[in-house]
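Assemble the complex: chain L is given as a structure, and chain G must be docked to it using the hints.
In order, the protein sequence lines correspond to chains L and G. First residue of the first sequence? That's 1 in this note's numbering, and the numbers climb one at a time after it. First residue of the second sequence? That's 1 in this note's numbering, and the numbers climb one at a time after it.
Any given hint might turn out to be false.
Residues from chain L that face chain G, not an exhaustive set, calculated with beta carbons under 10 Å [what the hints assert, rightly or not]:
| id | residue |
| --- | --- |
| 1 | 32 |
| 2 | 49 |
| 3 | 55 |
| 4 | 71 |
| 5 | 83 |
| 6 | 88 |
| 7 | 95 |
| 8 | 100 |
None of these hints come from the bench; they were simulated from the model. Note that beta-carbon positions come from the ideal geometry of N, C-alpha and C, so glycine has one too.
These are the residues of each chain, in order.
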Amino acid sequence: MRAACGAVALIGLAIAGYLTAVRLTGGAPVCAIAHGCDVVQQSRYAEVAGVPVALLGLAGYGAILASLARDGEGWRTATAFLSLAGLGFSAWLTYVEIAILDAICIWCVASAACMAALAALSVRRVLAQP
Amino acid sequence: MRQKEIVVSKQATLEHRRASRQAAERAHTARERRGRRLRRLAAAVAAAAVLATAAAIISSSGGSPAAPAAAVPSTPLAGLPERDGVLGDPRAPLTVTEYVDLQCPVCAQAARESLPSLVRDHVRTGRVKLAVRTLHFLGPDSVRAARVAAGAERQGRLWAFLDAFYARQGAENSGYVTDAFLREVARTAGVDADAALGQADSAFATKRLEQANAAAAALGVEGTPTLTVRRGDGPEHVLDANPLDPASVSAALAREARG
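Chain L with its partners taken away, still in its complex shape (with noise of 0.2 Å):
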């Protein structure tokens, strides 16, 4: 179930640092028409308090890992926080994407699955501890 997480994990880290670079470097800025990732990343919600959200997924993976490294009953309450808070703001997310921006972006989307997979393996793992 740890290298699941870790699995898991990983391509959601790959996700969030492709999101991460399109954001930082993506051309020049545009209001863009076409509905998707473009409108998702350019809004407002893009950013918290000024951090990009793809890098906080970034970050949000990678401490995720970093308690995977080690096994014991408080690393395995560290993963299942990390990734249930990680959940909750995915969800939060994605409600924007439907209910207010009115855009689907396929990435930001398959990183709330993954996150979602990581919320419910690493409660998994809480309980099912020897």
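For chain G alone, kept in the frame of chain L given last:
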């Protein structure tokens, strides 16, 4: 013989008791551990919920809309002729068309940072005339703004109206584009506000909005601001330049001028 049996059975009973006591202790410890684990998990869930909620609240309130820059419009356009919404010398060989949405903050930024030098270096020198297409995809405020801008165009004051609008631009779709707001913009731009607002629902305004949409779709304009260029009556195409960077626009226009 019998005594021996009794001793054995006593021992068995003792062992059995010890085993069941140990089992009970183990079960108790396991229960405790499980309880502690659940409490920890519950704490983690609660902390995660607090963190995620806090982030969501910051996210929804944050990104505070850039305070409207100085509400005094610059005057890089002063004295330039405008006809049918086209700014500059009608005989200029190149026509640059800017695709905008009046609510788009990047368009306001381009108007502040890039337009003045485009006008100074290319329009005033008679090399370029400037047209604009008011797209209106960001929301109802964009539509209303674009319609009243068409009213300003009727008075030969479209560019002044855009300039004044950008200078007062508010947060996207916050409902700031009220009639009072539009009147204020019109007054600043030297536009007859009653006439401009009266034109908002005219067939002319509708035509301008439809033309903007059709042209953007035909050219594959994907966002605003986008600059296009055409030489004389030739075909219009997207200018390969960053609209926010005057040097990049100048370089691209120089390439176009060479042909």
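Cross-check of the supplied hints:
1. Taking 10 Å as the C-beta contact cut-off toward chain G, the hint placing residue 32 (chain L) at the interface holds, the least distance being around 4 Å.
2. Interface restraint check for residue 49 (chain L): the shortest CB-CB distance to chain G comes to about 5 Å, inside 10 Å, so the restraint holds.
3. For residue 55 (chain L), the interface hint is violated, since its Cβ never comes within 10 Å of a Cβ in chain G; the closest pair sits about 13 Å apart.
4. Of the supplied interface hints, the one on residue 71 (chain L) is violated, with its beta-carbon coming no nearer than about 14 Å to a beta-carbon of chain G, more than 10 Å.
5. Here the hint on residue 83 (chain L) is kept, as its CB sits about 8 Å from the closest CB of chain G, short of 10 Å.
6. Nearest Cβ of chain G to the Cβ of residue 88 (chain L): about 3 Å, under the 10 Å cut. The hint holds.
7. For the restraint placing residue 95 (chain L) at the interface with chain G, the shortest Cβ-Cβ distance is roughly 9 Å, inside the 10 Å limit, so the hint holds.
8. Annotation: residue 100 (chain L) was flagged as interfacial toward chain G, and the flag holds, the nearest CB pair being 9 Å apart, inside 10 Å.
Of the hints listed earlier, those the structure fails to meet are numbers 3, 4, in rising order.
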